[in-house]
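Protein chains: 2
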Amino acid sequence: MTPPLAKRNTNFGEWFRKVLVEAGILDYRYPIKGCGVWLPYGFQIRRMVTNLLRDLHDKSGHEEVLFPIMVTEPNLRKEASHIKDFENEVFWVTHGGRKPLKIRYALRPTSETAMYPMFKLWIRSHADLPIKMYQIGSVFRYETKTTRPIIRVREVTTFKEAHTCHATLEEAEEQVSEAIGIYKRFFDACGVPYLISRRPDWDKFPGSLYSVAFDVLMPDGRTMQSGTIHNLGKNFSTVFDITYEASNGEHENVCQTCYGISERGIGAQLSVHGDDNGVVLIPNLAPTQVVIIPIPDKEVMPSILAVSETVAEKLSDSGFRVKVDKREELTPGAKFFYWELRGVPIRIEIGPRDIKKKQAIVVRRDTFEKKACVLDDLPLEVRQIVEQMSTDMRTKAWSWMNSRIFRVDTLEKAKGILAKKGGIVEVFWCGTEDCGHGLEQVNAKLLGVPIDIEEKTEGRCASCGKKASSLVRLAIAY
Amino acid sequence: MTPPLAKRNTNFGEWFRKVLVEAGILDYRYPIKGCGVWLPYGFQIRRMVTNLLRDLHDKSGHEEVLFPIMVTEPNLRKEASHIKDFENEVFWVTHGGRKPLKIRYALRPTSETAMYPMFKLWIRSHADLPIKMYQIGSVFRYETKTTRPIIRVREVTTFKEAHTCHATLEEAEEQVSEAIGIYKRFFDACGVPYLISRRPDWDKFPGSLYSVAFDVLMPDGRTMQSGTIHNLGKNFSTVFDITYEASNGEHENVCQTCYGISERGIGAQLSVHGDDNGVVLIPNLAPTQVVIIPIPDKEVMPSILAVSETVAEKLSDSGFRVKVDKREELTPGAKFFYWELRGVPIRIEIGPRDIKKKQAIVVRRDTFEKKACVLDDLPLEVRQIVEQMSTDMRTKAWSWMNSRIFRVDTLEKAKGILAKKGGIVEVFWCGTEDCGHGLEQVNAKLLGVPIDIEEKTEGRCASCGKKASSLVRLAIAY
Chain A
1 MTPPLAKRNT NFGEWFRKVL VEAGILDYRY PIKGCGVWLP YGFQIRRMVT NLLRDLHDKS
61 GHEEVLFPIM VTEPNLRKEA SHIKDFENEV FWVTHGGRKP LKIRYALRPT SETAMYPMFK
121 LWIRSHADLP IKMYQIGSVF RYETKTTRPI IRVREVTTFK EAHTCHATLE EAEEQVSEAI
181 GIYKRFFDAC GVPYLISRRP DWDKFPGSLY SVAFDVLMPD GRTMQSGTIH NLGKNFSTVF
241 DITYEASNGE HENVCQTCYG ISERGIGAQL SVHGDDNGVV LIPNLAPTQV VIIPIPDKEV
301 MPSILAVSET VAEKLSDSGF RVKVDKREEL TPGAKFFYWE LRGVPIRIEI GPRDIKKKQA
361 IVVRRDTFEK KACVLDDLPL EVRQIVEQMS TDMRTKAWSW MNSRIFRVDT LEKAKGILAK
421 KGGIVEVFWC GTEDCGHGLE QVNAKLLGVP IDIEEKTEGR CASCGKKASS LVRLAIAY
Chain B
1 MTPPLAKRNT NFGEWFRKVL VEAGILDYRY PIKGCGVWLP YGFQIRRMVT NLLRDLHDKS
61 GHEEVLFPIM VTEPNLRKEA SHIKDFENEV FWVTHGGRKP LKIRYALRPT SETAMYPMFK
121 LWIRSHADLP IKMYQIGSVF RYETKTTRPI IRVREVTTFK EAHTCHATLE EAEEQVSEAI
181 GIYKRFFDAC GVPYLISRRP DWDKFPGSLY SVAFDVLMPD GRTMQSGTIH NLGKNFSTVF
241 DITYEASNGE HENVCQTCYG ISERGIGAQL SVHGDDNGVV LIPNLAPTQV VIIPIPDKEV
301 MPSILAVSET VAEKLSDSGF RVKVDKREEL TPGAKFFYWE LRGVPIRIEI GPRDIKKKQA
361 IVVRRDTFEK KACVLDDLPL EVRQIVEQMS TDMRTKAWSW MNSRIFRVDT LEKAKGILAK
421 KGGIVEVFWC GTEDCGHGLE QVNAKLLGVP IDIEEKTEGR CASCGKKASS LVRLAIAY
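Just so you know, the sequences run in chain order A and B. Residue numbers for the first sequence follow this note's numbering, beginning at 1 and rising by one. Residue numbers for the second sequence follow this note's numbering, beginning at 1 and rising by one.
Hints listed in this document are in silico derivations from the structure and should not be mistaken for laboratory results. Watch out, some of these pointers could steer you wrong.
Heads up, the list lumps identical chains together, so a pair's fine if it works in one copy or across two of them.
Distance condition first, Cα-Cα at most 20 Å in a straight line; then the derived SDA-like pairs of lysine to any residue [to be verified]:
(1) Lys184 to Gln225
(2) Lys59 to Arg47
(3) Lys59 to Lys323
(4) Lys358 to Glu313
(5) Lys78 to Lys204
(6) Lys99 to Thr72
(7) Lys415 to Thr168
(8) Lys33 to Pro100
(9) Lys33 to Leu101
(10) Lys370 to Arg77
(11) Lys357 to Pro296
(12) Lys84 to Lys99
(13) Lys99 to Thr144
(14) Lys298 to Thr432
(15) Lys33 to Lys99
(16) Lys59 to Tyr41
(17) Lys59 to Met48
(18) Lys99 to Glu89
(19) Lys120 to Ile32
(20) Lys18 to Arg77
(21) Lys323 to Ser60
(22) Lys120 to Glu22
(23) Lys7 to Lys420
Can you build the whole structure from these sequences, using the hints too?
The following block contains the structure:
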């Protein structure tokens with residue numbers, strides 16, 4: 001049996017690294033720093049998540065495409081603030097075979113500069129708008145900070161990036177709202193709570209008008225940026241000369257947005273729902289939702305196996321993804337351990353006594369609650385347990401996060417809380433960049449102004465003391 | 001309306017390039033040579049094909065994984081013949097940000113050298129075998145030959161590569177057979193005829209014991225290698241030190257195989273089935289199988305649209321992928337043109353007369369045969385037409401290829417045929433490398449000895465005239 005995991009709540013970093021390997025999700029021992037290998041089970045989870053992303057984007061009128069991984073240096077350099085920000089973290093391809101290339105190619109750090117020269121070719125008139133495209137693939141960052149599997153990597157293997165073009169800025173604004181809606185649905189499906197904030201100007205995506213970010217609170221009290229949405233205005237369309245002929249015959253630059261979610265979306269779920277026994281997957285995203293474990297018995301083993309198969313078939317007919325673990329070399333205890341580690345939501349145990357009673361024992365992964373269920377009722381019972389479990393996982397995760405949001409009125413208090421417990425601190429902010437940087441003196445990142453809080457309040461800027469009508473969030477961020 | 005395509009049979013290269021853009025499959029105007037963009041419709045076709053590949057591999061016990069795109073130079077260099085062959089066509093990453101990297105990274109030209117250092121970590125004992133893994137992603141070749149979209153590119157975007165490890169060479173041999181079976185099923189599902197040949201030693205995959213290849217005959221008479229299967233023996237496992245503990249306690253090197261299919265698998269279908277009007281998709285791989293075109297009529301338009309929707313719903317309930325083309329700005333003729341270009345297998349026209357007669361006109365994309373069908377019978381009629389069409393497309397493609405296989409006894413004749421008509425020439429070969437190169441003097445490639453011909457015959461080597469029991473195939477190859 002494999003060694004125990006670290007404690008999730010007291011040693012999260014170690015827990016996360018271990019659980020990835022032990023649960024067969026990702027092997028981070030690849031010989032290049034910041035690059036990991038998706039293992040078969042991890043890849044199945046990744047498939048569930050990318051299929052969810054595809055579904056959400058397809059249903060809202062986005063079209064999937066695939067652009068090349070390399071970008072020419074001149075194109076990467078076109079938008080000045082964009083290259084300024086990425087210059088220090090781009091991988092450069094300089095040679096083809098034994099010969100130096102005439103111009104260098106960047107491994108895309110994100111795909112604006114790969115896509116937009118093509119958008120220029122595709123857009124002529126108003127009839128070609130809007131364009132709403134997305135792709136899922138690798139992007140590359142030569143990270144100089146400490147790398148961590150999934151959370152901070154050099155090859156981001158699962159970057160879903162959407163790019164849109166519109167005739168007007170209003171339509172781009174509406175697209176930002178649509179994107180926020182899509183990302184809410186994504187994280188809700190994952191059962192992962194989030195904070196939505198408008199990043200301060202000095203932390204927006206290079207080349208954008210403004211950026212909105214989804215932050216997830218991790219078990220160690222730090223936040224992880226897990227999705228971002230950018231209104232690009234006409235910044236890129238001006239330098240890439242993307243225009244359409246408006247009804248008045250004038251050529252106008254299009255207005256653009258882009259938004260992305262990476263494998264951090266997977267890392268967030270694993271972290272938020274996991275426990276000391278391993279991963280806990282929310283049922284709709286579990287590659288295997290139900291595992292059936294026959295409890296060996298010398299006399300009635302054939303009937304136990306037969307019943308297990310029948311139950312599996314019935315549950316499968318009801319739409320569940322089911323496995324029967326018939327491995328003879330493992331004890332039931334070893335199987336429990338194996339599937340708990342991998343976070344399979346429902347375990348069904350079927351032993352000699354159950355056969356007699358025409359029942360099975362159903363165990364929830366999140367609470368380990370056990371329930372004896374009549375065999376014939378299993379599809380209905382499992383359905384109910386799965387729904388209850390999904391609700392409970394969401395509720396628990398949201399209350400946990402909400403209990404770690406603190407509203408304070410002084411930087412002293414903010415600093416104390418963040419240093420001690422982590423979490424999110426809300427203070428008032430007058431909105432100036434000077435005071436913004438002042439707030440960050442608490443050794444935290446200014447996540448930005450909440451756009452998910454309706455409440456209108458007033459207070460005093462925690463930096464300058466002047467009247468302020470904006471709350472702002474501070475957190476220690478990954 | 002877009003300009004007409006080139007003639008497929010007389011100007012295939014031009015036809016192929018045009019059809020890719022005009023049908024919205026791939027845009028090859030990306031600013032890096034040999035790199036193309038999968039457009040929304042092309043991506044949908046790619047999804048169908050990759051899903052088919054996934055299905056075939058999952059069902060035969062392969063597990064999907066994902067390895068990094070970069071490989072360290074020392075690992076790429078480990079297997080001597082491997083690097084020798086790839087050295088001139090590897091893209092090298094030499095810089096991270098502004099700094100030169102300590103060791104160079106290759107963009108994987110194929111993933112043996114990325115995967116096998118990890119296999120070494122994963123395999124300990126016999127119980128860890130066999131390993132059967134695959135991934136779908138990009139590989140890179142700095143091609144020095146003329147690039148062509150899909151057929152010869154610098155970023156191969158859709159490389160399905162499988163890699164297996166076994167305890168014995170016999171098991172590796174069996175795996176080669178399984179892989180041949182999988183690839184047969186793949187090309188059969190695509191309706192694409194193929195030749196299976198064992199490549200001569202001087203043309204095998206670098207680092208393998210031997211290579212088996214699937215070749216497809218293209219409309220211009222040249223063959224395109226569209227799938228390869230390699231028995232690697234212990235060549236890689238020796239240099240990468242991949243061992244398992246056998247039952248006798250000895251550490252033995254594993255035996256390996258690998259096999260790959262790229263987007264050439266898509267290119268083959270488009271080429272083999274296409275016609276002067278565009279793409280013709282085989283129904284099981286068509287993203288849209290049926291398009292319904294309402295024929296406008298001032299008086300009964302609402303009923304025409306209502307019937308179109310009802311028909312769409314019924315067909316969709318019967319498992320077809322259906323679209324109703326309700327665009328008001330296009331004439332029916334323009335719509336016919338649009339969907340013919342994109343190869344949608346079935347067109348259903350519903351006009352005022354049809355409404356009265358409670359019928360619809362069903363048109364096959366491959367033959368343009370029309371049939372009036374009673375509305376209520378449509379699901380059944382369409383099912384039958386789709387099945388007939390699939391059979392006909394396969395049969396037609398196979399007979400076309402078979403009619404271009406010529407068995408001759410002299411190199412003179414071989415040369416004459418190949419220069420005039422292309423196709424495949426079969427001659428006898430004594431099996432020596434000298435004579436093999438002698439045969440290639442007809443300005444063709446020696447595809448190898450057929451492994452899909454049962455017949456046992458004898459003849460004389462077309463090069464040296466000695467008795468020979470092996471046929472060998474020659475063709476002008478892409």
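Q) Between the shortest in-copy and the shortest cross-copy C-alpha distance, which are at most 20 Å for Lys358 and Glu313: within, between, both, or neither? A) Classified as within; 16 Å inside a copy, 43 Å across copies.
Q.
Regarding Lys33 and Leu101, is the shortest C-alpha distance of 20 Å or less found within a copy, between copies, in both, or in neither?
A. The answer is between: 12 Å across copies meets 20 Å, while 25 Å in one copy does not.
Q) Which holds for Lys84 with Lys99 at a C-alpha limit of 20 Å: within a copy, between copies, both or neither? A) between (28 Å within a copy, 15 Å between copies)
Q.
At most 20 Å between alpha carbons: which applies to Lys59 and Met48, within, between, both or neither?
A. both (16 Å within a copy, 18 Å between copies)
Q: Tell me, please, which holds for Lys99 and Glu89 at an alpha-carbon limit of 20 Å: within, between, both or neither?
A: between (24 Å within a copy, 10 Å between copies)
Q. At most 20 Å between C-alpha atoms: does Lys78 with Lys204 qualify within a copy, between copies, both, or neither?
A. within (18 Å within a copy, 44 Å between copies)
Q) Which holds for Lys298 with Thr432 at a C-alpha limit of 20 Å: within a copy, between copies, both or neither? A) Result: close neither inside a copy nor across copies, 75 Å intra and 62 Å inter.
Q. Are the CA atoms of Lys59 and Tyr41 at most 20 Å apart within a copy, between copies, both, or neither?
A. This pair counts as between: shortest inter-copy Cα distance 16 Å, intra-copy 27 Å.
Q: Evaluate Lys357 and Pro296 at a C-alpha cut-off of 20 Å and name the case that applies: within, between, both or neither.
A: For Lys357 and Pro296, only the intra-copy Cα distance (16 Å) is at most 20 Å; the inter-copy one is 66 Å.
Q.
Treating 20 Å as the Cα threshold, decide for Lys120 and Ile32: within, between, both or neither.
A. Intra 36 Å, inter 16 Å, cutoff 20 Å: inter-copy only.
Q) Between Lys184 and Gln225, at a C-alpha cutoff of 20 Å, which is it: within one copy, between copies, both, or neither? A) within (14 Å within a copy, 46 Å between copies)
Q: Please work out whether the CA atoms of Lys7 and Lys420 approach to 20 Å or closer within one copy, between two copies, in both situations, or in neither?
A: within (19 Å within a copy, 74 Å between copies)
Violated hints, in rising order: 7, 10, 14, 20; the structure is consistent with all others.
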